Amino acid sequence: MCGITGYIGPRQAIEVALDTLKRLEYRGYDSAGVAVIGPAGLCLRRSVGKLENLLRLLNENPASGCIGIGHTRWATHGGVTEANTHPHTDCQGHVVVIQNGIVENYVELKQALRAEGHEFRSQTDTEVIAHLIEKYYLVDSCPCRKLIEAVTISLQEIEGSYALIVMSEGEDGLVFARKDSPLILGLGDSETFMASDIPALMDFTSRIIYLEDGDVGMATAHQIHINLNGRTVRRPEQRISWPVEQAPKGGYEHFMLKEIHEQPRVIRDTLAAFRSFSGSSLTTLFTGDKLKLLLLLGCGTSYHAALIGRYVGEQYLGITARAEIASEFNYFSRNSSVPVGIVITQSGETADTLKAMRRLKQRGTEIVAMTNIVGSSASRIADHTL
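This note's numbering applies: residue 109 is where the sequence shown begins, and numbers increase by one.
Worth double-checking, as some hints may not be accurate.
[What the hints assert, rightly or not] FRET-style restraints, in silico, Cβ to Cβ:
| no. | residue 1 | residue 2 | range |
| --- | --- | --- | --- |
| 1 | Asp-311 | Gly-268 | 29 to 35 angstroms |
| 2 | Arg-430 | Met-364 | 24 to 30 angstroms |
| 3 | Val-482 | Gly-149 | 37 to 43 angstroms |
| 4 | Pro-251 | Arg-373 | 53 to 59 angstroms |
| 5 | Ala-220 | Ala-148 | 30 to 36 angstroms |
| 6 | Gln-371 | Asp-321 | 31 to 37 angstroms |
| 7 | Ser-445 | Gly-201 | 49 to 55 angstroms |
| 8 | Ala-220 | Ala-191 | 20 to 26 angstroms |
| 9 | His-369 | Gly-149 | 46 to 52 angstroms |
For the record, the hints were derived by calculation from the structure and aren't laboratory data.
Because the structure is a prediction, the values reported are computed rather than measured.
By construction, the Cβ of each residue, glycine as well, lies at the ideal position given by its N, Cα and C atoms.
Please build the complete structure, drawing on both the sequences and the hints.
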């Protein structure tokens, strides 16, 4: 699960990118990179390992500019190398792309682009997007259409999920798009922010726009344009008033150790929040006849929590419960309906979990999301959120 960020405005984009990427570290990563457009043109800096390595590189070889993007990567296509680290560029270095997602048909696209003369520097699926945009954007190194138009055409050939940000020296804004991967916009005073999750932006702005699947748009420091299926759409601005739970390690050596010691407080807080729902449809759900069969879903350690929930439900509450890994659940052909599902996702943006939630919705399951992030995709899909 990668972290992505973008910025355009009066601040130094590198500083904003590093700050927001730091707040996305909980998503995990093995390499990081940034790109900015400034007085020296396009500057690209990438490094393997922690953000400290990238910061050291930037101290040795500074870059400045007020429009830029940043990315933290978990290796999926290709090893952990500098060449495979985002951002990625086209053949000529005019188009720069960062992406969170999976291009499922990247092998076929790469073969076709190679046959047309494109040269690849990495093993990643994301680099294919940069070359595909180049194909529709540049002729003889000159733009033949607007960047957003080239991106829109390119996305028609891509199969899979993505949240991506694209920039080019020939444009005065950032192009963005999302499908099945999270991407939000933050609005400031003559500045625009982009990120994977809300916590990354809360130190900069409380004005948020949630992008929807299929949205493609362009943001400048002063304006945002969003298209869906070729038509201009407006996404409502929302103000986030809840305090963000900061995630420093608090003296613990690892986040996992910190979270283990936090469990008693977290359970008390959750129970206190549940009591505040007294008389609501949520309490009716947990005390009514619907709760005869319970499905618990999660990925990774969230699945481990689901296993504990299954044990508690069956051992102490007399409920028939199933705990399943969300990514595997999506491939089950089982058609039996489940009245209630509890979905566990720390970020509220885990792609496989969101896919499973949508599938449950289609079957009429009432969904409770347990997540740390209010306003996340999971909390918006679910019927109830804890």
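Right, here's what the structure says about each hint:
1. One distance hint, 29 to 35 angstroms for the beta-carbon pair Asp-311 and Gly-268, holds here, with the actual separation near 32 angstroms.
2. At roughly 26 angstroms, the beta carbons of Arg-430 and Met-364 sit within the given window of 24 to 30 angstroms.
3. Look at Val-482 against Gly-149: about 40 angstroms separates their beta carbons, and that is inside 37 to 43 angstroms.
4. Roughly 55 angstroms separates the CB atoms of Pro-251 and Arg-373, a value that falls within the hinted 53 to 59 angstroms.
5. Taking 30 to 36 angstroms as the suggested C-beta distance range, the pair Ala-220 and Ala-148 conforms, at roughly 34 angstroms.
6. For Gln-371 paired with Asp-321, a C-beta distance near 35 angstroms keeps the hint of 31 to 37 angstroms intact.
7. Checked against the hint of 49 to 55 angstroms, the C-beta distance between Ser-445 and Gly-201 comes to roughly 53 angstroms, which is consistent with it.
8. Between Ala-220 and Ala-191 the Cβ separation comes to about 22 angstroms, which falls inside the hinted range of 20 to 26 angstroms.
9. Distance hint check: the CB atoms of His-369 and Gly-149 are about 48 angstroms apart, consistent with the given range 46 to 52 angstroms.
Violated hints for the displayed structure: none, as all numbered hints are satisfied.
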